[in-house]
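Please model the entire structure based on the sequences and the hints provided.
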Amino acid sequence: MTAASQYANLVSSLSQQDILSKWSDITPLNKISGIPTSNEDHNNDPKNSELFEGHDEEQIKLMEELCIVLDYNDKPIGAGTKKLCHIMDNINEGLLHRAFSVFLFNENNELLLQQRADEKITFPGMWTNTCCSHPLCVPSELGLTSTTNSQEINQLTNAIEGVKKAAQRKLDHELGIPYSDSPLKNFQFLTRIHYKAGNAGLSNNEQSDSKWGEHEIDYILILKAKNNITINANVNEVSNYKFVSANELKSMFEDSSLIFTPWFKLICNSFLFKWWENLSDLEPFKDENIHRLL
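The sequence shown begins at 52 in my numbering and counts up one residue at a time.
I should point out that these hints are in silico values taken from the structure, not numbers from a laboratory.
A couple of the hints might just be wrong.
[Unchecked claim] Using 27 Å as the maximum straight-line C-alpha spacing, the simulated BS3-like pairs for lysine-lysine come out as follows: (1) K262 to K73; (2) K293 to K275; (3) K171 to K236; (4) K112 to K171; (5) K337 to K171.
[As the list claims (entries may be wrong)] The calculated label-pair distances, taken between Cβ atoms and stated as ranges, are: (6) Y230 to T53: 37 to 45 Å; (7) N124 to S75: 19 to 27 Å; (8) S66 to T198: 41 to 49 Å; (9) T53 to S231: 42 to 50 Å.
Note that CB positions come from ideal geometry on N, CA and C, so glycine has one too.
In structure tokens form, the structure reads like this:
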């Protein structure tokens with residue numbers, strides 16, 4: 052059995068109760084109503100001095116945002132801090148959370164890329180797709196409304212609506228793209244991918260001594276935008292950005308001086324260029340699967 056298969060078996064074996072027992076810092080779903088979007092007690096944890104040594108204070112604060120902890124089948128379990136979800140020791144034990152990746156294309160069918168700021172704790176300085184982040188474990192970004200009930204939290208349609216709201220929020224936070232240039236109705240959900248990577252960008256079957264990493268079920272969103280959208284990048288999040296054609300992106304991949312995030316490379320190798328060729332009709336590429344790219 053390969054290391055990837057062994058890891059997939061580990062993650063799939065963890066029940067809701069297993070997850071809540073193993074990570075006592077997770078707030079169960081039945082207690083999320085009214086909770087804040089982040090945990091403000093990070094300064095009281097003595098382990099933080101080692102974990103965050105040398106890191107940017109603003110980025111450290113963001114590590115207390117509350118992510119949606121999941122089981123293997125993308126069912127929400129509860130709220131865990133971004134820090135908890137991105138510590139490599141927790142990831143290696145199977146801790147999984149929800150994420151999204153936005154691919155914004157302009158009217159020329161060019162893709163907006165960003166280079167992550169050096170201040171970022173995870174994957175600093177790497178080029179990636181337009182926006183990659185996490186929905187918060189709050190009702191709106193879980194896709195719940197005043198008319199939905201707790202049983203509907205497991206419905207994919209609700210989860211998609213939640214990640215669209217999170218994507219709109221993060222496009223504004225990271226790139227200064229206003230909500231008016233990213234209306235919810237313009238986001239198109241395509242599929243989900245499940246992947247794991249260490250902070251050095253290594254794949255699951257390689258070794259990394261990084262303290263940080265990713266283990267996500269990533270919702271893929273396509274956003275078609277006008278050429279004249281407003282971009283006002285947050286320098287604490289984004290060091291550079293550019294629109295590229297498919298051929299220009301392929302040329303960037305051949306440039307050994309450029310480093311790309313592992314999820315972006317996985318998506319490009321498996322899906323992106325097929326989507327790019329069919330931006331006028333992406334419906335045939337939409338599915339409800341979770342593509343396991345571990």
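query = Is K112 within 27 Å of K171, Cα to Cα?
reply = Between K112 and K171 the Cα gap is close to 12 Å, so the pair holds against 27 Å.
ask   = Are Y230 and T53 spaced within 37 to 45 Å by their CB atoms?
value = 44 Å, holds
query = Has the given pair, K262 with K73, been kept, meaning a C-alpha gap of at most 27 Å?
reply = 19 Å, holds
request  = Using the Cβ atoms, figure out if N124 sits within 19 to 27 Å of S75.
outcome  = 23 Å, holds
inquiry  = Does the beta carbon distance between S66 and T198 stay inside 41 to 49 Å, or does it fall outside?
reply    = Because 30 Å falls outside the window, the suggested range is violated.
key: Given hint K171 paired with K337 - CA-CA distance at most 27 Å   = Measuring from Cα to Cα gives roughly 32 Å; hence the hint is violated.
request  = Measure nothing beyond the straight line between the CA atoms of K171 and K236; if it is 27 Å or shorter, mark the hint as holding.
outcome  = Roughly 30 Å separates the two Cα atoms, so the pair is violated.
task = Given the hint of 42 to 50 Å, check if T53 and S231 actually sit that far apart at their C-beta atoms.
result = 47 Å, holds
task = Below or equal to 27 Å on CA atoms is what counts here, so check K293 against K275.
result = Distance of about 16 Å is within 27 Å: holds.
When each numbered hint is compared with the structure, violations occur for hints 3, 5 and 8.
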